[in-house]
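Hints in hand, dock the two standalone chains.
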Amino acid sequence: MSFWKDPLKVAADWLMGIFTGWGMPEIAAQILIGLLGVVFLLSALMVLDIGLVWVERKVVSRFQSRIGPNRVGPFGLIQPFADIIKLLIKEDITPQGADKVVYNLAPILSMMSVLVLWAVVPLAPTIAGVDLNVGALYIIATGAIGTLSIIMAGWSSNNKYSLIGAFREVAVLLSFEIPMLTTMLIPTIFAGSMGVLAITQAQDIWFVFKAPLAALIFLIAAIAELGRAPFDMGEAESELVSGYNIEYSGMKFGMFYAGELLHAFTFGGFWAILFFGGYRFFGLEQVSPFLAVAVILFKALIGYWIIMWIKYTLLRIRIDHMLAFNWKFLTPVAFVLLMVTAFMNTFLRGTPTWLYISSMFLSNVLLGWISLEVARSYSRKEREKAEGPKQVIQAHH
Amino acid sequence: MNPWIYVGFFFLIGVIVPGAAIGVAWVLGPKKPNPIKDTTYECGIETVGDSWVQFKAQYYIFALVFLIFDVETVFLFPWAVKLGQLGMFAVLEGILFILILIVGLVYTWRKGMLEWA
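If you're matching them up, the sequences are chains V and S in order.
Taking our numbering, the leading residue of the first sequence gets 1, the next gets one more, and so forth.
Taking our numbering, the leading residue of the second sequence gets 1, the next gets one more, and so forth.
The reader is advised that the hints may include incorrect statements.
What the hints assert, rightly or not - Computed cross-link-like contacts, SDA-like style, restricted to lysine to any residue with a CA-CA straight-line distance of at most 25 Å:
(1) S:Lys56 with V:Arg318
(2) V:Lys311 with V:Phe63
(3) S:Lys56 with V:Asp99
(4) V:Lys86 with S:Ala20
(5) S:Lys111 with V:Ile319
(6) V:Lys328 with S:Ile100
(7) V:Lys328 with S:Lys56
(8) S:Lys31 with V:Asp92
(9) S:Lys82 with V:Phe209
(10) V:Lys86 with S:Asn34
(11) V:Lys86 with V:Leu52
(12) V:Lys5 with V:Gly37
(13) V:Lys328 with S:Tyr107
(14) V:Lys328 with V:Gly368
(15) V:Lys100 with S:Gly29
Stated by the list, open to error - So the derived label-pair ranges between C-beta atoms look like this:
(16) V:Thr353 with S:Lys82: 19 to 29 Å
(17) S:Glu115 with V:Arg62: 32 to 42 Å
(18) S:Asp70 with V:Pro352: 37 to 47 Å
(19) V:Ile310 with S:Glu115: 19 to 29 Å
(20) S:Thr39 with V:Met16: 54 to 64 Å
(21) V:Trp354 with S:Tyr59: 47 to 57 Å
(22) S:Gly104 with V:His321: 20 to 30 Å
(23) S:Gly104 with V:Leu35: 37 to 47 Å
(24) S:Leu64 with V:Phe343: 28 to 38 Å
(25) S:Pro35 with V:Thr20: 54 to 64 Å
Said to hold, decoys possible - Stretch by stretch, here's where chain S covers chain V in the computed footprint (C-beta under 8 Å, at least three residues):
(26) 100-108
(27) 150-161
(28) 169-176
(29) 245-253
(30) 328-334
Simulated from the structure, these hints should not be mistaken for lab results.
Here the structure is a predicted model, which means the values were calculated and not measured.
By construction, the Cβ of each residue, glycine as well, lies at the ideal position given by its N, Cα and C atoms.
Bound conformation, chain S alone (with noise of 0.2 Å):
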């Protein structure tokens, strides 16, 4: 059989198995809500305001530095598996391809961009 069947078998029941959990709790736990209670948690301080504010900038730059990189590094898992047949000039080649991206990283430093301003 096809091993990826397998593979869905285990999310299937990846999500059963702690489901059955939380749905067993909630069978079992009692069920009084109130209005106090349901409050966020804020220690005790009352909300103020949306919950959903806006956030810095900084984390949408560092994730747009991880999808370059992360795209570039999954690039590198084939060559990596053939790296044992190749010769050399493969190698070499690679290696451009890190240097090139490393470029990339110390653009990104040069410009300020990996600092938490």
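Excised from the complex, chain V in its bound form (with noise of 0.2 Å):
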């Protein structure tokens, strides 16, 4: 019975009494146990990971009117192992003039930077990697790897549309870190700690209703985080043909597509666990840890889904715009978002629940119709300067 209770604690337990059986010092048996737990972990991730590539490619299918792959297995669902099994076996081809100890660093350390984020994640109250106090900046300094495995990619391929995409990809991805930052803020104020089972543990009412602006935003820049579409700046294919990993063949390829994949997912899950709730879902956390996983996964998979819409909905957006849309628009107003939301949050201190919950979705509402207005008004006077003022038509009657 306990099992279902605490799964984690009864096989660590378990195993604690094999290994000291064995005569081995409590300590070892210790960091002997750690280590098997994340070994379980990063493997379960890297076979959800496999599921992922199917997801992916029946929803692309979808949006795109085709059917996606079919044939191999009950609904194409062997493909994946299949695709596998290819990039095992491709030659893996290292180009002339290439760095070659960063050309070969820089897969691993992209998929390296996603699985070390799953650190931090709380997949249920007593099923949680590591409790930092400190998960949100955490979260920050990991992506920052992602980050460098991009430049490292992009210098090392001796290729010129590499170093043109990398050198995109880490304006993007310095840029739009400004507004994550922010908005990450947001619910550090609402929690009060930086731990993301604490924040997690906060959200009696989700943080999504005190802060939808925040949640947009935080989307936002967890798109142009993962160089995804319309923020694909760094891969877009009409231009750039794969960019960063263009020179990439097989496995290594695999790991930059994988880690991608994977990384989606895995913000797809940051996005719930900051404002949906993370594993909470109206207590059925406490009837078993199973279910709190089932719960964080399946938050995770709509997150995922919502950003696959995003992708292959909309055009990728030129640099310049994408740049300017960053600091000219999203990074003010995330600033005046966590000004606001700061003062409100002391100011409405000790009013009643559902005052204060409204005031705070109101305000966030207000705010962010303000921000449209003012961009959609400054835009048009931009618009009017630089194609003379508009011709008024004659209405015939």
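Structure below.
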């Protein structure tokens, strides 16, 4: 029975009994159990990643009125495994003049930067890799490793397309990190902690009701961080062929591809954790940790699906537009939102919950509306400056 | 045990897992390089000149602006954590800090540094 309540502790105790039975010192057994747990979690993630390949291909084909993989196994479910076999037995080509060490390290770092993010993801009240008290900063810091891997891949490939792709991607990643950091401050304010577990536990009412605008800005910044359309500057197929990973083949390309999919899924999960209650769903997480894991994976999948929906619906934006959108719109709005939230949070302290939530919600909606109006009038002015005043067409009756 | 040791495990295994996948592919895959195959890909056209070209200074400026904002925003995290226990004075202090940041943003904007020229 207790296994269903706290599976991690039961499994750890069981393994501890076995290892100490073998005459292992307790500290060594503890380290070994920790390592085994990490191996188990990361292997599960890699299996999940294989599933995501299938999900992504099926969903994109539905968006494009195709059927997608449907020949290998039921609903094409075995297709990703066939892909893996193909990737494994493909020749690994290193282009002339490539910086070999950096070139080979880049795909590994790309995958690693995603895998280490899962160290702080709370899957259930009792199942979390590590409960760091600086979880939010950890997410940002490990995200930078992904950026680094893109620079490494682009620079070391000895290819102009890769290099241009890497420059663009890095400019975009750096820029959109600011609104992302700023909106991550808002759940931190509500929860009073940077820890991801504490943020989840503080959400008796999902933070999205207190800060819908922050959730939206976080999603936009996350899509840019993932380098997915409409912000896929680094890959820009029609201009740069494949961008920073153009010279990669076989499993090295597979690592970039799988890393991107898992990254998108992970950010779907972070979106759920920061704004949609993480593993919490009407007390379901109290019933069993397994249900809690199911809830957070389901929420992450929905977030992932929304990211895919945006990717396959919108067109790519030009890089100058994208950077202008970030620096002249998203960043100021995020900063103003942070100020408004901080002020309202203290100003409304001690008021009844319904008043607090509704004022927070309304202030967010109002701020979003005002900023959209300002942007609209600004762009109208700019357009008139460029095209001359609008010709008034006389109506004929 | 110190939680950062577990984070270290994540980094260790996180390198080993993709590394192993690439290693297996390296063992299983054929290795028949030839000069034509190893040329850099440029849609079938021969590469002209060195690939490590000079790049637009604009990227550098964006990186500089980013650096300032990133560091400043990280300073805001401790403030955000303790905000629930602090009074209105701390909130106004924080707002002042953010306003100074925004002045910096407006300055770069007015200077035309945010234009993709």
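Each hint, compared with the structure:
1. With a C-alpha separation of about 16 Å, the suggested pair Lys56 (chain S) and Arg318 (chain V) falls inside the 25 Å cut-off, and the hint holds.
2. A C-alpha spacing of about 10 Å is found between Lys311 (chain V) and Phe63 (chain V), which places the hinted pair at or below 25 Å, so the restraint holds.
3. For the given pair, Lys56 (chain S) sits about 22 Å from Asp99 (chain V) by alpha-carbon distance, which is consistent with the 25 Å threshold.
4. Restraint check for Lys86 (chain V) and Ala20 (chain S): the C-alpha separation of about 16 Å stays at or below 25 Å, so the hint holds.
5. For the proposed pair Lys111 (chain S) and Ile319 (chain V), the alpha carbon gap of about 20 Å is at most 25 Å, so the pair holds.
6. For a cut-off of 25 Å, the pair hint linking Lys328 (chain V) to Ile100 (chain S) stands: about 16 Å separates their Cα positions.
7. Distance check on the hinted pair: Lys328 (chain V) and Lys56 (chain S) sit about 21 Å apart at the alpha-carbon level, within 25 Å; holds.
8. For the hint linking Lys31 (chain S) to Asp92 (chain V), the alpha-carbon distance of about 7 Å falls within 25 Å, and the restraint holds.
9. For the given pair, Lys82 (chain S) sits about 22 Å from Phe209 (chain V) by alpha-carbon distance, which is consistent with the 25 Å threshold.
10. A C-alpha spacing of about 21 Å is found between Lys86 (chain V) and Asn34 (chain S), which places the hinted pair at or below 25 Å, so the restraint holds.
11. For a cut-off of 25 Å, the pair hint linking Lys86 (chain V) to Leu52 (chain V) stands: about 17 Å separates their Cα positions.
12. Our distance criterion of 25 Å between C-alpha atoms is met by Lys5 (chain V) and Gly37 (chain V), whose separation comes to about 18 Å.
13. For a cut-off of 25 Å, the pair hint linking Lys328 (chain V) to Tyr107 (chain S) stands: about 12 Å separates their Cα positions.
14. With a CA separation close to 15 Å, the supplied pair Lys328 (chain V) and Gly368 (chain V) stays within the 25 Å bound.
15. Restraint check for Lys100 (chain V) and Gly29 (chain S): the C-alpha separation of about 18 Å stays at or below 25 Å, so the hint holds.
16. For the pair Thr353 (chain V) and Lys82 (chain S), the beta carbons lie near 22 Å from each other, so the given range of 19 to 29 Å is met.
17. For the hinted restraint 32 to 42 Å between Glu115 (chain S) and Arg62 (chain V), the CB-CB distance of approximately 40 Å keeps it satisfied.
18. At about 38 Å, the beta-carbon gap between Asp70 (chain S) and Pro352 (chain V) stays in the expected band of 37 to 47 Å.
19. Between Ile310 (chain V) and Glu115 (chain S), the C-beta spacing of about 27 Å keeps the proposed range 19 to 29 Å intact.
20. Thr39 (chain S) and Met16 (chain V) have their C-beta atoms about 56 Å apart, which keeps the hinted 54 to 64 Å range intact.
21. Separated by about 49 Å at the C-beta atoms, Trp354 (chain V) and Tyr59 (chain S) satisfy the suggested range of 47 to 57 Å.
22. Checked against the hint of 20 to 30 Å, the pair Gly104 (chain S) and His321 (chain V) passes, with Cβ atoms roughly 23 Å apart.
23. Taking the beta carbon of each, Gly104 (chain S) and Leu35 (chain V) are about 46 Å apart, inside 37 to 47 Å as hinted.
24. A C-beta distance of roughly 30 Å is found between Leu64 (chain S) and Phe343 (chain V), which places it inside the suggested range of 28 to 38 Å.
25. Under the hint 54 to 64 Å, the C-beta atoms of Pro35 (chain S) and Thr20 (chain V), about 59 Å apart, fit the expected range.
26. Requiring three or more residues with a Cβ within less than 8 Å of a Cβ of chain S, the coverage given for the segment 100-108 of chain V holds, as 3 such residues are present.
27. Counting residues of the segment 150-161 of chain V whose C-beta lies closer than 8 Å to any C-beta of chain S gives 6; at least three are required, and the coverage claim holds.
28. For the segment 169-176 of chain V, the proposed coverage by chain S is satisfied: 4 residues have a C-beta within less than 8 Å of a C-beta in that chain, meeting the threshold of three.
29. Proximity of the segment 245-253 of chain V to chain S, defined as three or more residues with a beta carbon under 8 Å from a beta carbon of that chain, is established by the 5 residues found.
30. Restraint check on the segment 328-334 of chain V versus chain S: 3 residues with Cβ-Cβ distances below 8 Å, three needed, restraint holds.
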